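Asker: Sequence:
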Amino acid sequence: MDGLTGGCTDEERASLTKWADKGTCRRFLTGQKWDAEAAMNKVKATLQWRKDFRPDLISADEVEPEGVTGKSFISGFDRRGQPLLYSIHRLDKTKTFDRYLRYCLFLLEKCLVVMPAGVERMTFLIDNGGLGVFNAPPVSFVTKFIGIAEAHYPQRLDTAIMLNPSWFVFGLFKVVSPYMDPVVRAKIHFSTVSPRGTSSANTNTSAGEPEKGTGGWTNIFQYIDESQLPLQFGGTSTFVYDHAVFWNAITKVQ
Numbered sequence: 001m002d003g004l005t006g007g008c009t010d011e012e013r014a015s016l017t018k019w020a021d022k023g024t025c026r027r028f029l030t031g032q033k034w035d036a037e038a039a040m041n042k043v044k045a046t047l048q049w050r051k052d053f054r055p056d057l058i059s060a061d062e063v064e065p066e067g068v069t070g071k072s073f074i075s076g077f078d079r080r081g082q083p084l085l086y087s088i089h090r091l092d093k094t095k096t097f098d099r100y101l102r103y104c105l106f107l108l109e110k111c112l113v114v115m116p117a118g119v120e121r122m123t124f125l126i127d128n129g130g131l132g133v134f135n136a137p138p139v140s141f142v143t144k145f146i147g148i149a150e151a152h153y154p155q156r157l158d159t160a161i162m163l164n165p166s167w168f169v170f171g172l173f174k175v176v177s178p179y180m181d182p183v184v185r186a187k188i189h190f191s192t193v194s195p196r197g198t199s200s201a202n203t204n205t206s207a208g209e210p211e212k213g214t215g216g217w218t219n220i221f222q223y224i225d226e227s228q229l230p231l232q233f234g235g236t237s238t239f240v241y242d243h244a245v246f247w248n249a250i251t252k253v254q
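First residue of the sequence shown: 1, per the working numbering; consecutive thereafter.
Because the hints were derived from the structure by calculation, they are not lab data.
Heads up, some of the hints might be wrong.
List of simulated lysine-lysine pairs, DSS-like, C-alpha gap at most 27 Å [stated by the list, open to error]:
(1) Lys93 x Lys18
(2) Lys33 x Lys187
(3) Lys174 x Lys44
(4) Lys22 x Lys174
(5) Lys174 x Lys93
(6) Lys174 x Lys187
Please read these numbers as outputs of a predicted model, since none were measured by experiment.
Based on the sequences and whatever the hints tell you, model everything.
Answerer: Structural data, given as structure tokens:
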């Protein structure tokens, strides 16, 4: 901690020491293919980033405007007991992408807290239905989030499933995929879903062919039991995003 730029207060030292536990060191080692020197450098860089950015102390009041539409939330667990983090792009109305980035990290940190004992990863569900040229997030935002997640949250992603991708999504993915670690790219799958009671191919390939190196088309129910998926995604969970209810719950997660 003494080598960090700007030094550390007692509060910062306690927070960073708690973060840098054996599990963290193991994940960084795994991410660097057990190259101890490379892993140590990554840990040092993340310690500095966490000291400066303080993702664990992002104020709920600061990022709440990004959550009002229900574009991103945590709900349920996959078949491995890993929390489900949702992102619904068509509900994104933001023009303040720096704040949106902080909201994404706010939820990511909450995911780490709600993980059951023995669980270290999460599943990320990205609903691309209705996403097009005029409402897609900037490539710069996407690549920045990917860069932070890969650099500072190694081995935290188990699976990412792109729901209802269109030709536009596949085109966008071609642009951002070169910025992704091949290991992370292989964790990305694609699936079509529709509201409970309507038909869905679930592995429909008519939208296009995923980029090489990804996990390709899949059936979402291989990863998530229907009881954990909201009705809008073909599950049986009656969860419907209510901002007041969700915000009251998420702000209690410490």
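Asker: It remains to establish, for every hint, whether it holds in the given structure.
Answerer: Structure-based check of each hint:
Taking the CA atoms of Lys93 and Lys18, the gap is near 36 Å; set against the 27 Å cutoff, the hint is violated. This hinted pair checks out: Lys33 and Lys187 have alpha carbons roughly 17 Å apart, not beyond 27 Å. The hinted pair formed by Lys174 and Lys44 fails the criterion: a straight-line CA distance of about 32 Å is larger than 27 Å. Our distance criterion of 27 Å between C-alpha atoms is broken by Lys22 and Lys174, whose separation comes to about 36 Å.
For the given pair, Lys174 sits about 24 Å from Lys93 by alpha-carbon distance, which is consistent with the 27 Å threshold. Taking the CA atoms of Lys174 and Lys187, the gap is about 16 Å. The hint holds against a cut of 27 Å.
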